[in-house]
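Participant: Sequence:
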Amino acid sequence: LARVTEVRRMRTVRVLLWCVAAVYLKSQGLNLCCFAFRNRNYVTRQKGGQGVHTSAAANAPSKCRLCRLTAKEKELIKRITEAGTAGMWQKTKRLFVGYDGLAGPIYNAVLTAAFRCGAYVDGYEVYKKMSNLGVNRTEPSYTMGIKLAAKSGQHDDVNGIWLEATEAEMVGTIQIGARLDAAAQIGDIDTAAWLIDSMIDNEMSPDVSQFNRAIHACQVTEPPSYRAAQLFFKTMLNRNITPTVITFGNLAKAHRQAPLEKLQLVRSTMEEFHTEIDAVFVEQYLQSLLCMPANQWFTIRSLSQMVQALRSFHRDRLVEANAFIRAAHAQGVRFKRFPCRIEQALEQMPVLLP
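At position 343 of the sequence shown the residue is numbered 1597 (the numbering used here), and the sequence of numbers has no breaks.
Misleading hints may appear alongside valid ones.
[As the list claims (entries may be wrong)] Result set (DSBU-like, lysine-lysine): computed pairs, CA atoms no more than 30 Å apart in a straight line:
{"hint": "1", "residue 1": "Lys1326", "residue 2": "Lys1345"}
{"hint": "2", "residue 1": "Lys1347", "residue 2": "Lys1382"}
{"hint": "3", "residue 1": "Lys1382", "residue 2": "Lys1488"}
In case anyone wonders, no lab produced these hints; they're calculated from the structure.
Between the sequences and the hints, there should be enough to build the whole structure, so can you do that?
Facilitator: This is the structure:
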């Protein structure tokens, strides 16, 4: 009990210090999350001829990896993992509710199961319990804590967990990926840009998935920022990173309010890279081309309503939609319902099309 009380007291002190730091840094025009990341030192090790970039702590064995688990605890981890993999969150909760130990691997297994099952709020409560009890946290703990906090909508807590991970010297590419995900969910372009820049500055090579997350932030922010998305995309290409269909999909959605020629450039660049179009990209491109969120299009029930909606757009956009649909057909893409309805409506408007 004395140990738990002391841990809670120290945590309270740290939180108060972070709050003071946040106020000061904000007054200086700095970002608390970025400031913490800036002061991390990274090392690079080579493996199999490819660069593998991790923090110094990530290369060293953690206390949790060296802790001894009882046979019952090992069995409990196995059963929790199986339940989480099967998507059985209620079973996972029943398995965990009777556990009163402090083994980090068991808490990590529960956090992972919660994320897999989509039980983000419950999972984040487990993470907070883990923190309050002083259970030893490792890289997976902080990663799942960031993910669960973000998915639970606790975006202010994300920075706190990030700073704790930084203080514990447990920030590597996986944790950065989780932090990028959290930034992308709320359209936090500044944090996404800072993380990408910091990785590059610290000789950590961001990969295509991390750039995809950064570009995703540009489509989520309101209004979407196609200029920021283009900067991320150009940085990718300058680093010889090959974009994927996901990259182009995020890029297209970031161009939802961009001039037509900018959006067309996304499609022509995709063709230059010989990236195959899929059904998801077809929807993303058409939604951006017709400048409306998906939920508004899906409220249109009849063909006549769709035709009426399309008549409000400039002829150039309708011509581009028609050309894009034909190109997608030529690649053998099977359309979902939304593109099919657009295609059917365009067939009813021959006067507007060449």
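Participant: Taking the hints in turn, state whether each one holds.
Facilitator: Hints, verified against the model:
no. : hint              : verdict
1   : Lys1326 - Lys1345 : holds (17 Å)
2   : Lys1347 - Lys1382 : holds (15 Å)
3   : Lys1382 - Lys1488 : violated (39 Å)
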